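Enquirer: Below are the chains, spelled out letter by letter.
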Amino acid sequence: MSAVTKFKPRYRADTAEIGLIDWDKLPPMSAEWVNALRTRAQLSVIETGMPTAKLERWKYTNLNAKLKKMSLRYHEAELDLSGMTDYAYSFSKGMLHCPEWVREMLEAEAPSNNKYGDMMLWQAANAYLKDGFIVDVPADKKTTSALEVTQTGRDGHYIVPRQIIRVGENAEMTIIEYQSGSRSYWANIVSQIKIEKNATLRHYRFQENSDESVITHNTHIEMEEGANYEAFTITTGAGLSRNQIHADLKGENIICRLNGVNMLDGSEIADTTITVEHQEPNCESYQDYRSVATDKAVGTFQGKIHVHQIAQKTDGYQMAKSLLLSSQATMNTKPELEIYADDVKCSHGATAGRLDEDALFYLRARGIPEKQARNLLIQAFVNEVIEGVTDKNVREQANLIVSKWLDQSDANSSAEWLE
Amino acid sequence: MIEIKNLHAEIDGNEILKGLDLTIGDGEVHAIMGPNGAGKSTLSYVLAGRDGYEVTDGSAELDGVDILEMEPDERAAAGLFLAFQYPVEIPGVQMTTFLKTALNAVRKARDEEELDAIGLLKLMKSKCKELGISDDMMKRAVNVGFSGGEKKRNEVLQMAMLEPKFAVLDETDSGLDIDALRIVADGVNALRAQNRSFLVITHYQRLLDYIKPDKVHVLADGEIVKSGGPDLALELEKKGYAEFTKEAA
Ligand SMILES: Nc1ncnc2c1ncn2[C@@H]1O[C@H](COP(=O)(O)OP(=O)(O)OP(=O)(O)O)[C@@H](O)[C@H]1O
Ligand SMILES: [Mg+2]
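Top line first, the protein sequences correspond to chains A and B. Counting the first sequence from 1 gives a position; the numbering used here is that position plus 3. Counting the second sequence from 1 gives a position; the numbering used here is that position plus 78.
The following block holds chain A by itself, in its conformation from the complex (with noise of 0.2 Å):
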């Protein structure tokens, strides 16, 4: 009676094998930790499985549904650097030789694990540690161009590429990352960024992945003191994607943007899941997010702020807007607020809506037809976070992507319009 094991029903790790597809396969690494920090990893998955519905932040998002039904193996991802690649290296076949910072970063506990045990897919990809890139801008050194990252999903691939980005004290850095791909694939990414003192990073994303991939990406930012972190992510496709970001605010003075445009269509699932942890004083957090959705597509934004009791003088600001344009689509907004500490400044609000009819028939009163006054609405309202992105080339190119989705989300659901 006295040895009871730790019941644990929230699991099902009869889904464990998803997350450990090839495992078995992998070559030996050689360095002795990352064996053990794998076979730790692999084990933890054995026992929890990967993430169900049961739990709190992944009751809307059904993944394992998704990935049952695909079939896929191991590979390497496909990845390529490009642009100011002078700090960047790409790494395969394990990590043999790293620093120890990096060493440091990969033995780091998930983010939020202990407070929800729903950090499975981290560990799984704790379980490959096989390829992925490095980033390490020294201090004090502002780089004028962009890193560009190009990762390229392939049909039946199962991708685990990782991410560690270092941005040394002063230093300034931007990295775009191009998600894309042909088909059926999953990419069970992690990204781990550490901005140190007054550091700047520009960090965009433009997920363009195929109607029957699969994306989930954690991403955990550690930001220490007078450091600006400004991400933008816009996403257009996968037929599911995870996009879990996790900020530790661990200094005085931090800004953090994290804002994003989702357009789905189909039959996409697309989560947005984001913790923000404000550990110190005086800092400014944002979260804007603007998601358009049509025929059958479903949005998910669950987005908190937790303020310490410590963390006086916060500025934490939340915002989910979405647009619904068929009767099918579905919204899930989350907001939430966790505060400890007594004087600070947080909002949050939601939206879900449909175009403004009004406005529509004023511009078709003007000679705009139906479809070029609709675009021009959901332009004006995606724009409402595209235009705040620092770097213009950025901005340009989200727009380029909105008009294209546009485009092609004309043609396919042009019927729906006249319901």
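Bear in mind the hints are in silico, worked out from the structure with no lab data behind them. A quick note: this is a predicted structure, and the numbers were derived from the prediction, not measured. Check each hint, because a few of them may be wrong.
[To be verified] In silico lysine to any residue, SDA-like type, Cα no more than 25 Å apart, as pairs: (1) A/K395 <-> B/L199; (2) A/K71 <-> A/D25; (3) A/K407 <-> B/T174; (4) A/K374 <-> B/K217; (5) A/K28 <-> A/N38; (6) A/K395 <-> B/G136; (7) B/K83 <-> B/V166.
[Stated by the list, open to error] Calculated Cβ distances over 10 Å to all of chain B for the following chain A residues: (8) L29; (9) E373; (10) Q375.
[Said to hold, decoys possible] Derived coverage of chain A by chain B (criterion: at least 3 residues anywhere in the stretch with Cβ under 8 Å from a Cβ of chain B; other residues may be distant): (11) 350-362; (12) 377-389.
Even glycine gets a Cβ: it sits at the ideal position worked out from N, Cα and C.
With chain A fixed as given, assemble chain B with the ligands onto it according to the hints.
Expert: Showing chain B with the ligands alone in chain A's frame:
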């Protein structure tokens, strides 16, 4: 020339226009006056093709073409313009983008050459100047944060740019200060032409001092109940609508 015959229209099953007849010849300006709730704005929306207004009988022809079957944008291309009683605010759509898109959509539909950015800017600037609208306003979102008077002026600006054959002005004078009223009236007068007709909906005789109408009509309870010359407006100013509303009751 616009010819409206026996027009019946309902909103949510309530008949608002009850057999309205109106003919406006080329180059003419007609005014419509009438009590609140008579159906004046309804007439303007029915002509412009707003959703929710069901035409149950009658016709409306612009130069011999029935417009009631057309989409709102097709009506605009065919030469109809409605200056809204309550112009709509459209956050995120810049005035310049809006005007360019509208003008080129209409030009394209009319088989005219589309304007490039420079051509548009030139045209916009000159029209803004005429109407006393600052260029800065063109960088702002459509009607967002515009004062009541600015919104009305903006309607006239759009009319000037789109060069309609037939313009309906729904209370474009309300909310305007004395100087703005004159500027807007001058703007309308500048557009008066052989091949362009106007329907001016107003509550105030004063506007008609500036924009001299050829005819004045009284619209009450969904019908034109009286028509006359400019003097009719003066008469209404004195007597009010009592005689017409009693009739309707
Ligand atoms: N959606 C609606 N459902 C039912 N009745 C409506 C609706 N919209 C308008 N009406 C009614 O139609 C009638 C005509 O309205 P309309 O706006 O055309 O009047 P108007 O002559 O323009 O008045 P005003 O001088 O106040 O602008 C009014 O009685 C109004 O309440
Ligand atoms: Mg009215």
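Enquirer: Would you mind marking each hint as holding or not holding in the structure?
Expert: Now the hints, each set against the structure:
With a C-alpha separation of about 23 Å, the suggested pair A/K395 and B/L199 falls inside the 25 Å cut-off, and the hint holds. Our distance criterion of 25 Å between C-alpha atoms is met by A/K71 and A/D25, whose separation comes to about 15 Å. Pair hint A/K407 plus B/T174 holds up; C-alpha atoms about 22 Å apart against a cutoff of 25 Å. Straight-line distance between C-alpha atoms of A/K374 and B/K217 comes to about 24 Å, which keeps the hinted pair within the 25 Å bound.
Restraint check: the Cα-Cα separation between A/K28 and A/N38 comes to about 14 Å, which is no more than 25 Å; the hinted pair holds. Proposed proximity of A/K395 and B/G136 is contradicted: the alpha carbons are some 54 Å apart, above 25 Å. The straight-line distance between the Cα atoms of B/K83 and B/V166 is roughly 29 Å, outside the 25 Å bound, and the hint therefore fails. No beta-carbon of chain B comes within 10 Å of the beta-carbon of A/L29; the shortest separation is about 50 Å.
A/E373, annotated as away from the interface, has a beta carbon of chain B within 10 Å; the closest lies near 7 Å. Interface exclusion of A/Q375 from chain B breaks down, the closest Cβ pair being 7 Å apart, not more than 10 Å. Remark: the stretch 350-362 of chain A is confirmed as covered by chain B, as 4 of its residues place a Cβ nearer than 8 Å to a Cβ of that chain, reaching the required three. Note: the stretch 377-389 of chain A has 7 residues with beta-carbon separation from chain B under 8 Å; the three-residue rule is met and the coverage holds.
Against the hints set out earlier in the document, violations occur for numbers 6, 7, 9, 10.
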